Amino acid sequence: AGNVEVKKVKVIDVRNAYETSIGAFESAVKLPVNRFVEVFSELDDALAGVGVDDTVLIYCTGGIRCEKVGAYLTQVKKLNNVKKLTGGINAYGKWVQEQEQEQEQEQEQEESLFRGRNFVFDQRLTTHQRSDLIHRLSDDVFTHCMSCGEPSDTYSNCTNRLCGGLFIQCQACEDKHAGSCSDECLTCSHEMAALQDKGDQRLGKDSAFRTYLRQRSADFRLQNPADLMSKPVTQRLRAWPSSREPREAQA
Numbered sequence: 283a284g285n286v287e288v289k290k291v292k293v294i295d296v297r298n299a300y301e302t303s304i305g306a307f308e309s310a311v312k313l314p315v316n317r318f319v320e321v322f323s324e325l326d327d328a329l330a331g332v333g334v335d336d337t338v339l340i341y342c343t344g345g346i347r348c349e350k351v352g353a354y355l356t357q358v359k360k361l362n363n364v365k366k367l368t369g370g371i372n373a374y375g376k377w378v379q380e381q382e383q384e385q386e387q388e389q390e391q392e393e394s395l396f397r398g399r400n401f402v403f404d405q406r407l408t409t410h411q412r413s414d415l416i417h418r419l420s421d422d423v424f425t426h427c428m429s430c431g432e433p434s435d436t437y438s439n440c441t442n443r444l445c446g447g448l449f450i451q452c453q454a455c456e457d458k459h460a461g462s463c464s465d466e467c468l469t470c471s472h473e474m475a476a477l478q479d480k481g482d483q484r485l486g487k488d489s490a491f492r493t494y495l496r497q498r499s500a501d502f503r504l505q506n507p508a509d510l511m512s513k514p515v516t517q518r519l520r521a522w523p524s525s526r527e528p529r530e531a532q533a
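In this note's numbering, the protein residues as written are 283 to 533.
For the record, the hints were derived by calculation from the structure and aren't laboratory data.
Honestly, I wouldn't trust all of these hints.
Claimed, not checked - Within a straight-line C-alpha distance of at most 20 angstroms, the following computed EDC-like cross-link-like pairs (lysine to aspartate or glutamate) qualify:
id : residue 1 : residue 2
1  : K366      : D421
2  : K360      : E324
3  : K360      : D335
4  : K376      : D335
5  : K312      : D326
6  : K365      : E349
7  : K366      : E384
8  : K290      : D336
9  : K366      : D326
10 : K360      : D327
11 : K359      : E384
12 : K365      : E324
13 : K366      : D336
14 : K359      : E308
15 : K376      : D327
16 : K366      : E382
17 : K292      : D335
18 : K458      : D421
To be verified - Quick list of simulated restraints, FRET-style, between CB atoms:
id : residue 1 : residue 2 : range
19 : T368      : A490      : 16 to 24 angstroms
20 : D501      : A454      : 39 to 47 angstroms
21 : E382      : Q453      : 24 to 32 angstroms
22 : E393      : C430      : 28 to 36 angstroms
Everything numeric in this text was worked out from a predicted model, so none of it was measured.
We put the beta carbon where it would ideally sit given N, CA and C, even for glycine.
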């Protein structure tokens, strides 16, 4: 047995940082990226010490991103043993659900190797309970509400139409702040609602409502999510767009 060569196994999560922050497989390498296009430049560091014959396991939400990363690893990096999680975390979550249903009468059940919550790219990202087993694969909560700091991993988009930033907010703060990510966004939403109530929204391009949109839009331009995460919520006008990543949620 002492002469058997043990090859390395590297598990890499090829999703974005805001996805991996709320859930990932144990021991997986999380790439510090905010856009899928940044993944490839980070793979060199993630593959440090990995030989061409070592096993590299990659996974994402539904499998689409892994197809591109897998091709890159085999064709560009010349790795010989790249494995992909078929169907991604979505499929794994369904498998966990089926296993738990089959084993619910047994004394011991296998725990999910995925810890936390699976981020999805549609309206379900704001859902607390719907299909929760598929989206929450364990009780672990790794992130905090960006309004009050309490443990939370529920993403939603800011209700300020000029912002729409993706951020984490607990149910209590969502109710308290009407789904806004900051006091400024809440004020902005109230000001726009007042103009809409006056009927200005239905007027021409020079209406008070449209003028307001033009004047305020520059205040909510997209900023770097990595920089914004370290700032107080009152300084974070916009985090991430609602859906500018590969259309993987439906995969």
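Do the hints match the structure? See the list:
| no. | hint | verdict |
| --- | --- | --- |
| 1 | K366 with D421 | 25 angstroms, violated |
| 2 | K360 with E324 | 16 angstroms, holds |
| 3 | K360 with D335 | 9 angstroms, holds |
| 4 | K376 with D335 | 31 angstroms, violated |
| 5 | K312 with D326 | 13 angstroms, holds |
| 6 | K365 with E349 | 10 angstroms, holds |
| 7 | K366 with E384 | 26 angstroms, violated |
| 8 | K290 with D336 | 5 angstroms, holds |
| 9 | K366 with D326 | 18 angstroms, holds |
| 10 | K360 with D327 | 16 angstroms, holds |
| 11 | K359 with E384 | 41 angstroms, violated |
| 12 | K365 with E324 | 19 angstroms, holds |
| 13 | K366 with D336 | 14 angstroms, holds |
| 14 | K359 with E308 | 25 angstroms, violated |
| 15 | K376 with D327 | 32 angstroms, violated |
| 16 | K366 with E382 | 23 angstroms, violated |
| 17 | K292 with D335 | 11 angstroms, holds |
| 18 | K458 with D421 | 25 angstroms, violated |
| 19 | T368 with A490: 16 to 24 angstroms | 54 angstroms, violated |
| 20 | D501 with A454: 39 to 47 angstroms | 27 angstroms, violated |
| 21 | E382 with Q453: 24 to 32 angstroms | 26 angstroms, holds |
| 22 | E393 with C430: 28 to 36 angstroms | 30 angstroms, holds |
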